[in-house]
Amino acid sequence: MLSYLIFFITVAAILSIATLGLNLQWGVSGQFNAGVVGFLAVGGYGMAILTMPVSEQLIVRLNWPFAVGIMGALVVSGIVALLVGLATLRLRSDYLAIATFGIASSIQVLANNLEPLTGGSRGLVGIPRPFESMGAQAVGYGYLVIVLCVLAVVYAGLQALLRSPWGRVQRALREDEVVCAALGKNVVRFRLTAFVMGAMLMGLSGALYAGFIGTTSPSEFMPILTFQIWAMLIVGGSGSNAGAIAGSFVIWGLWTASGAVIVSVLPPQWQAQGGALQSILVGLVLVLTLLLRPQGLLGPRLTA
Amino acid sequence: MIAQAIVDGFLSGAVVALGAIGVTFSLSILRFANFSHGDMLAVGGYVALFVLALVAGPGMLNSSFLSTPIAPFSFGWGVPLALLFAMVVAVAVALLLDALVFKRLRARGADPLTLVFASFGLALVLRNLVLLLFGPDAHNYSNEIQMAVRLPGPVLVLPDQILVFGVTLVVLAVLWFFLQRTRYGMAMRSVAENPVLSSIAGIDIASTIRLTWIVSSMLAALAGVFYGVTVQVRPEMGLNLLLPLFTAAILGGVGSVSGAVLGALIISLCENLLSLVIPSTYKPLVPFVLLLLILYFRPAGLFAPKGR
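In the order they appear, the protein sequences are chains A and B. Per my numbering, the first sequence starts with residue 3, numbered consecutively. Per my numbering, the second sequence starts with residue 119, numbered consecutively.
Simulated from the structure, these hints should not be mistaken for laboratory data. Where hints are given, some of them may not hold.
[Claimed, not checked] For the chain A half of the interface with chain B, some residues (derived, Cβ under 8 Å), not all of them:
| id | residue |
| --- | --- |
| 1 | V62 |
| 2 | L91 |
| 3 | Y97 |
| 4 | I100 |
| 5 | L227 |
| 6 | F229 |
| 7 | P270 |
| 8 | A274 |
| 9 | Q275 |
| 10 | L286 |
| 11 | L288 |
Heads up, the beta-carbon is just placed ideally off N, CA and C, and yes, glycines get one too.
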């Protein structure tokens, strides 16, 4: 039970980092990312490719340490976000949604097919985990401590960022874009930095996730993860960093609890449909929150 | 080889074109990127599958008249009937979702991105309802074998594909007449151009929006059924078709029906021609690469009028 609790908190905390990234993109800067899972996958694969033990089947044989893998994941997800942002951020706002949706499905295709790099549909198995020489329990506790420290640093950094002049410009941009442009602020560049930083946090989350479970495969990064992270942000309260973290724990709790109920209630031949029930539940929670409590659990009061 | 790829491109482009028209209407008249449109195709495809299963099944609705194939096609009169049901259900679903969700958000004066976001959630609900009701497996409308027709080239096509292509051309002609020559069509084009001026000119915006949902979802159901006839229906078909649909609409220039059709043909031709040189598993990347190229170099679309 305790080990399950540790597992749950670790995953929820890892997903919180992605939700904080989405909050930077959506809650702070008002940009719709419909391909969150794509950036998680870039981070996860980036980390895995850099740190995997040397193997005959793979073309990249670096076996770099954990921390370098995390850094690499940040860099790669930042570059991918920059490319998408440069193509879309000058255009109408929903084009970013379409392009990010496209990047997520494309990364899924690449992960499935670039076998020498990504291991194909089997994925990369056996990513070295920190504290591995000290036994299974040390890995569990050690990783939880690492993840919580990273989450704390990210949270503190984001809070400071939002209070900084940069954060003030972001808030002003949401109020009135034209006035900001007239005051000499480069609107597109402020958007782009928020988008890229948010995507890097998603990459960080993906990298930590890959490092935690020791595997990356296309089936770890299914489109449903995008919905889950969106639900975490909206239910927690878009615009609030504390809300993003709270929402992550609430939705991840709801997801695992409903999954456990379905597994114990449904007969085996209906299990695939059981996953559909979970997804419908998340979809409904999301749409209902949007209609009935748009500010979420901890979101800022709406001023309209 | 090349001739076959070109013909296949044209034939499979028809389905994408019918779906892309709904996307371009949504982007220009409803003014948001509707992520649930792909899953409307799946709804249409699965309603038709359900009707076909009823008329071919052992129950009291069994009808050999409807389920016996008419040579040279693989299906009988059941498919037109199923198509009718698919359209009715798709229109009902679209109007219901608009009344329950999108209308309320519009009334609240919500940001267009909130509508995008709601459509994103509804897409998930629709896709998983299909999965829940019909299971994860792919289904064919018919298991009949049909003889391919040999065209010069040598190019092989199935009679089903030729019929689907022909019906698509007729539907496009009817749609063109509707948009150019009827007052309802003109109202839709006018709201796309300028909603405020349109309402001053006496156009009922609310009913034009309803009409847009009706036309888009009918075309989506048609595309979904055609996909079922020529390929097969799968719960994730909407998700997989969504990117080609968006790319076709943007490639052709948002708001332009002929542009969406040409965009769909370009995507489908590129997919089929590139499949000759790259492994076909990379085919789903083609729409995304085209999308990024068009957004970088000509975001108004290939066929947009100059100065806009």
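Status of the hints after comparison with the structure:
1. Using the Cβ-Cβ criterion of 8 Å, the hint placing V62/A at the interface with chain B is not satisfied: the shortest such distance is roughly 20 Å.
2. The beta carbon of L91/A is not positioned within 8 Å of any beta carbon in chain B (closest approach about 10 Å), and the interface hint is therefore violated.
3. A least Cβ separation of about 6 Å between Y97/A and chain B falls short of the 8 Å threshold, and the interface hint therefore holds.
4. The criterion of a C-beta within 8 Å of any C-beta in chain B is met by I100/A, whose closest approach is roughly 5 Å, and the hint holds.
5. Violation of the interface hint for L227/A is found here, the shortest Cβ-Cβ separation to chain B being roughly 12 Å, above the 8 Å cut-off.
6. For F229/A, the interface hint holds, the least distance from its beta-carbon to any beta-carbon of chain B being 5 Å, beneath 8 Å.
7. Using the Cβ-Cβ criterion of 8 Å, the hint placing P270/A at the interface with chain B is not satisfied: the shortest such distance is roughly 14 Å.
8. Hint status for A274/A: holds, given a least beta-carbon distance of 5 Å to chain B, under 8 Å.
9. At a threshold of 8 Å, the smallest CB-CB gap from Q275/A to chain B is about 5 Å, leaving the interface hint in force.
10. Interface restraint check: L286/A against chain B, minimum CB-CB distance 7 Å, threshold 8 Å, status holds.
11. Here the hint on L288/A is kept, as its CB sits about 4 Å from the closest CB of chain B, short of 8 Å.
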